[in-house]
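Number of protein chains: 2
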Amino acid sequence: MKNLEKIFNPKTIAIIGASPKKNSVGWGLVKNILEGKDSRKFFYVNPFEKEIGGIKCFSKIGDISQEIDLAVIAVRAKIVPQIVEQCCRKKVGGIIIISSGFAEIGKEGEILQDKIIKLVKSAKIPLIGPNCLGIIRPSIKLNVSFAPAFPKPGNIAFISQSGALIDSIIDKSLSENYGFSFLISYGNEADLTLSDFLLFVNKDRQTKVITVYLEGLKGGRNFMKVAKKISKIKPIVVLKAGRTEMGKKAVFTHTASLAGNYQIYQALFKQTGIIGVETIEELFDIAKVLAWQPKCKNGIGIITNGGGCGVLMADYCQELGVNLVKLDSKTIQKLKDSKIMHPAFSRNNPLDIVGDALSKDYQIAIEALLKQKNIYGLLIIQTLQIMTEVEKNAKIIVEAKRKWPEKPIVCCFLGGEMTKKGVEILEKNKIPNYPDLKRAAKAMKVLIYE
Amino acid sequence: MKNLEKIFNPKTIAIIGASPKKNSVGWGLVKNILEGKDSRKFFYVNPFEKEIGGIKCFSKIGDISQEIDLAVIAVRAKIVPQIVEQCCRKKVGGIIIISSGFAEIGKEGEILQDKIIKLVKSAKIPLIGPNCLGIIRPSIKLNVSFAPAFPKPGNIAFISQSGALIDSIIDKSLSENYGFSFLISYGNEADLTLSDFLLFVNKDRQTKVITVYLEGLKGGRNFMKVAKKISKIKPIVVLKAGRTEMGKKAVFTHTASLAGNYQIYQALFKQTGIIGVETIEELFDIAKVLAWQPKCKNGIGIITNGGGCGVLMADYCQELGVNLVKLDSKTIQKLKDSKIMHPAFSRNNPLDIVGDALSKDYQIAIEALLKQKNIYGLLIIQTLQIMTEVEKNAKIIVEAKRKWPEKPIVCCFLGGEMTKKGVEILEKNKIPNYPDLKRAAKAMKVLIYE
Numbered sequence: 001m002k003n004l005e006k007i008f009n010p011k012t013i014a015i016i017g018a019s020p021k022k023n024s025v026g027w028g029l030v031k032n033i034l035e036g037k038d039s040r041k042f043f044y045v046n047p048f049e050k051e052i053g054g055i056k057c058f059s060k061i062g063d064i065s066q067e068i069d070l071a072v073i074a075v076r077a078k079i080v081p082q083i084v085e086q087c088c089r090k091k092v093g094g095i096i097i098i099s100s101g102f103a104e105i106g107k108e109g110e111i112l113q114d115k116i117i118k119l120v121k122s123a124k125i126p127l128i129g130p131n132c133l134g135i136i137r138p139s140i141k142l143n144v145s146f147a148p149a150f151p152k153p154g155n156i157a158f159i160s161q162s163g164a165l166i167d168s169i170i171d172k173s174l175s176e177n178y179g180f181s182f183l184i185s186y187g188n189e190a191d192l193t194l195s196d197f198l199l200f201v202n203k204d205r206q207t208k209v210i211t212v213y214l215e216g217l218k219g220g221r222n223f224m225k226v227a228k229k230i231s232k233i234k235p236i237v238v239l240k241a242g243r244t245e246m247g248k249k250a251v252f253t254h255t256a257s258l259a260g261n262y263q264i265y266q267a268l269f270k271q272t273g274i275i276g277v278e279t280i281e282e283l284f285d286i287a288k289v290l291a292w293q294p295k296c297k298n299g300i301g302i303i304t305n306g307g308g309c310g311v312l313m314a315d316y317c318q319e320l321g322v323n324l325v326k327l328d329s330k331t332i333q334k335l336k337d338s339k340i341m342h343p344a345f346s347r348n349n350p351l352d353i354v355g356d357a358l359s360k361d362y363q364i365a366i367e368a369l370l371k372q373k374n375i376y377g378l379l380i381i382q383t384l385q386i387m388t389e390v391e392k393n394a395k396i397i398v399e400a401k402r403k404w405p406e407k408p409i410v411c412c413f414l415g416g417e418m419t420k421k422g423v424e425i426l427e428k429n430k431i432p433n434y435p436d437l438k439r440a441a442k443a444m445k446v447l448i449y450e
Numbered sequence: 001m002k003n004l005e006k007i008f009n010p011k012t013i014a015i016i017g018a019s020p021k022k023n024s025v026g027w028g029l030v031k032n033i034l035e036g037k038d039s040r041k042f043f044y045v046n047p048f049e050k051e052i053g054g055i056k057c058f059s060k061i062g063d064i065s066q067e068i069d070l071a072v073i074a075v076r077a078k079i080v081p082q083i084v085e086q087c088c089r090k091k092v093g094g095i096i097i098i099s100s101g102f103a104e105i106g107k108e109g110e111i112l113q114d115k116i117i118k119l120v121k122s123a124k125i126p127l128i129g130p131n132c133l134g135i136i137r138p139s140i141k142l143n144v145s146f147a148p149a150f151p152k153p154g155n156i157a158f159i160s161q162s163g164a165l166i167d168s169i170i171d172k173s174l175s176e177n178y179g180f181s182f183l184i185s186y187g188n189e190a191d192l193t194l195s196d197f198l199l200f201v202n203k204d205r206q207t208k209v210i211t212v213y214l215e216g217l218k219g220g221r222n223f224m225k226v227a228k229k230i231s232k233i234k235p236i237v238v239l240k241a242g243r244t245e246m247g248k249k250a251v252f253t254h255t256a257s258l259a260g261n262y263q264i265y266q267a268l269f270k271q272t273g274i275i276g277v278e279t280i281e282e283l284f285d286i287a288k289v290l291a292w293q294p295k296c297k298n299g300i301g302i303i304t305n306g307g308g309c310g311v312l313m314a315d316y317c318q319e320l321g322v323n324l325v326k327l328d329s330k331t332i333q334k335l336k337d338s339k340i341m342h343p344a345f346s347r348n349n350p351l352d353i354v355g356d357a358l359s360k361d362y363q364i365a366i367e368a369l370l371k372q373k374n375i376y377g378l379l380i381i382q383t384l385q386i387m388t389e390v391e392k393n394a395k396i397i398v399e400a401k402r403k404w405p406e407k408p409i410v411c412c413f414l415g416g417e418m419t420k421k422g423v424e425i426l427e428k429n430k431i432p433n434y435p436d437l438k439r440a441a442k443a444m445k446v447l448i449y450e
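Line by line, the protein sequences are chains A and B. First residue of the first sequence? That's 1 in the UniProt record's numbering, and the numbers climb one at a time after it. First residue of the second sequence? That's 1 in the UniProt record's numbering, and the numbers climb one at a time after it.
In case anyone wonders, no lab produced these hints; they're calculated from the structure. Nothing here was measured: the structure is a model prediction, and the numbers come from that model. Hints are supplied without guarantee of correctness; some may be wrong.
The list makes no distinction among identical chains, and a pair is therefore deemed to hold if it is satisfied within one copy or across any two copies.
With a Cα cut of at most 25 Å, we get these calculated BS3-like pairs of lysine-lysine [unchecked claim]:
id, residue 1, residue 2
1, K107, K339
2, K336, K107
3, K371, K249
4, K326, K249
5, K420, K152
6, K270, K91
7, K60, K218
8, K421, K78
9, K152, K421
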């Protein structure tokens with residue numbers, strides 16, 4: 001395993017190509033590095049500027065007297081080889097090349113990329129990129145990227161061959177209550193490969209689930225070995241792009257990868273225990289539930305205050321192979337004895353507690369179902385009626401979760417503005433909520449032991 | 001065709017069971033009816049209250065001297081037959097029964113429901129319900145329901161066998177920029193059926209697309225005839241619940257419907273030209289695009305500032321049968337000549353204009369592709385980079401749409417908070433945006449002529 005400690009936990013960073021020009025890549029790097037200024041030292045390198053924001057610029061990395069753990073390069077592709085050479089001479093701990101214009105643009109770029117690889121290999125310096133966004137570790141305030149926003153810390157590692165995707169995912173995550181342990185954009189994968197990153201994040205305690213956006217693999221055999229080992233410890237969820245002929249063509253002009261045959265990938269995922277998904281939405285729907293909730297046996301209960309939604313959820317569960325347990329006569333008796341349930345409550349699973357259900361109804365229903373031994377997890381649906389106590393319902397669910405920590409709960413509070421506060425209460429307590437019933441059913445499915 | 005004019009455009013309404021008790025159904029009806037107080041007269045009926053909010057309560061409907069177009073009933077199931085009898089005697093124009101506790105709860109309720117049906121049939125008064133939420137027509141400020149919020153006016157009619165669903169959909173629509181011409185909850189379908197509603201909304205000019213949540217059909221043969229005729233004029237999108245054995249069981253306790261065999265429904269949809277969908281999310285994803293954008297031939301262009309997203313979109317398009325047109329040499333030349341495109345722009349469809357694209361790049365790319373004759377529609381992707389001009393990009397797309405009104409545009413601005421303003425600009429101008437690439441591709445697919 002390669003030593004990536006100096007890249008992912010650097011004490012000193014040099015930004016080569018730092019810029020005062022607003023909204024440029026070099027400016028984005030400067031803006032983001034400042035966030036972690038109390039935790040580490042950083043240096044700007046730019047021969048055309050004296051200072052940026054009051055901080056001195058060095059002409060070249062060799063002029064910095066201190067040791068440099070991580071050198072970040074964001075200059076024109078043509079001069080990258082000479083910059084890399086300077087970094088090697090300086091014996092930096094690791095390099096990230098943000099710049100594009102390498103193998104992904106054809107022959108000319110390939111030659112440049114080959115030059116760089118030779119240099120770093122002989123100097124034994126690990127390299128991320130080129131043609132990437134950089135890396136982010138929110139928990140230690142490390143943001144070596146030009147991403148437009150700072151993500152929240154959390155338990156999801158996202159390793160992506162596409163940089164642009166990372167930016168949008170950060171913005172998305174900020175309004176969806178989940179956070180990251182790592183965000184790694186690796187672009188052309190010229191030196192360090194996906195397998196290296198998997199091995200590194202696997203050792204990280206914060207990381208509970210590993211998500212990957214993949215175009216093409218380098219070193220497939222090694223990847224298989226690594227993925228097989230890690231997926232037994234931490235779930236790996238992969239979105240593979242370039243599944244069709246049109247997609248494959250687009251891959252090649254993007255990261256110069258060979259997308260390969262998707263059937264082969266599907267077989268590979270099966271053999272290595274990787275969870276394959278089809279969309280970005282699904283990637284994080286599933287990551288969220290895996291990061292937040294425990295796994296369970298296949299016996300699920302559904303509680304709903306909307307009959308139609310109960311019907312739909314029952315359909316999705318059966319289609320996905322999620323087993324709906326029959327309610328015990330004891331459970332039904334408990335519900336009846338409460339004298340609070342609406343007389344028309346369904347007495348079945350899905351348990352329909354009827355549209356006018358208040359939080360007290362939810363509380364009794366949740367307790368009764370979780371007490372039934374062969375119900376190992378709950379899907380809770382809330383439609384928004386005029387009397388619905390959104391926030392109280394959320395708090396009751398959080399309470400129940402504390403009492404039965406081993407039984408996963410997945411929610412589907414349906415609505416918009418008026419349900420938002422409830423969703424926030426749920427998700428701040430790591431109970432995932434989905435805006436569509438099928439997405440919630442799929443999330444529950446992934447928690448069930450095969 | 002039945003005359004539903006007095007139900008859907010009433011000049012006078014009586015609310016039987018109006019209540020001052022906050023968050024009750026009778027209170028919800030009162031609160032909502034007040035919204036339209038300048039457009040029509042309304043009367044409260046409740047023998048136990050003298051007044052509600054300063055407005056007089058009548059003991060029974062017979063005490064009101066004026067003619068009543070629409071009587072809304074929200075009292076205990078057991079006394080509903082005698083109230084219906086009073087309404088028949090009063091010769092009201094139509095009745096909506098909100099109350100539940102009829103066929104959906106078993107034998108006892110069935111007897112009550114039969115009584116009611118006999119009464120209204122012999123009096124020839126059309127009836128919606130029982131066991132429903134009511135009806136809403138935002139454009140004329142008619143809200144005869146206990147829904148917690150007032151939806152925006154728009155071009156989508158939603159006819160739903162489930163009332164609870166309608167409430168959540170309203171809340172959802174308020175944060176997703178679409179509106180409704182009709183919202184009709186029809187519950188147990190004891191008198192008026194889905195076919196009656198289809199015929200009525202078909203005649204409405206505002207309605208451009210008809211969405212349906214369906215559990216079971218009454219009068220299948222008539223429905224086939226009606227749906228076949230209407231779907232040629234206005235698209236009908238149906239979410240059928242109770243597709244599986246577990247779902248069917250849940251349907252029966254919900255609206256006392258027989259869910260039937262899903263294969264038969266699929267055949268029926270095909271024969272009648274109905275678009276069948278699987279989730280609530282899909283129902284409105286598709287309704288929105290059909291309400292807002294024109295149909296086109298199968299030749300689509302993709303513009304993206306994120307290579308990975310271009311790859312994924314190409315995959316979805318191929319999988320769905322959306323044809324990506326090859327870019328003409330003339331189109332590519334135009335892009336090159338602009339001298340604004342990033343040197344690494346992809347020269348292919350998907351057209352990757354690279355991560356640092358500004359609104360000027362989008363403008364040139366959109367113009368060039370729309371000018372190519374055999375490109376009949378555009379999928380536009382925006383990932384969020386530090387330099388991305390979200391709002392400017394949205395405005396440019398709105399401009400382009402004005403110039404080429406016959407070419408549909410579907411967007412996928414990926415992100416959260418920071419992309420929100422752009423999405424609002426797009427959707428206020430009826431250009432649909434989707435938070436996931438596959439959902440955008442599916443929306444484009446539905447616009448393409450078979």
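**Asked** Which holds for K371 with K249 at a C-alpha limit of 25 Å: within a copy, between copies, both or neither?
**Response** between (54 Å within a copy, 24 Å between copies)
**Request:** Classify it for me, K60 with K218: is the Cα-Cα distance of at most 25 Å met within a copy, between copies, both or neither?
**Result:** So K60 and K218 fail the 25 Å test inside a copy (33 Å) and across (80 Å) alike.
**Asked** Between the shortest in-copy and the shortest cross-copy C-alpha distance, which are at most 25 Å for K152 and K421: within, between, both, or neither?
**Response** both (19 Å within a copy, 22 Å between copies)
**Message:** I want to check one pair: K421 and K78. Are their C-alpha atoms no more than 25 Å apart within a copy, between two copies, both, or neither?
**Reply:** neither (51 Å within a copy, 38 Å between copies)
**Asked** Is the C-alpha distance from K420 to K152 at most 25 Å within one copy, between copies, in both cases, or in neither?
**Response** both (19 Å within a copy, 19 Å between copies)
**Request:** Can you give me the call for K336 and K107, within, between, both or neither, at a CA distance of at most 25 Å?
**Result:** between (75 Å within a copy, 20 Å between copies)
**Message:** Within, between, both or neither: how does the pair K326, K249 come out at a Cα-Cα threshold of 25 Å?
**Reply:** between (50 Å within a copy, 12 Å between copies)
**Same-copy or cross-copy closeness of K107 to K339 [CA-CA at most 25 Å]** = For K107 and K339, only the inter-copy Cα distance (22 Å) is at most 25 Å; the intra-copy one is 77 Å.
**Prompt:** At most 25 Å between C-alpha atoms: does K270 with K91 qualify within a copy, between copies, both, or neither?
**Reply:** neither (42 Å within a copy, 68 Å between copies)
Hint check: violations occur at hints 6, 7 and 8; the rest are consistent with the structure.
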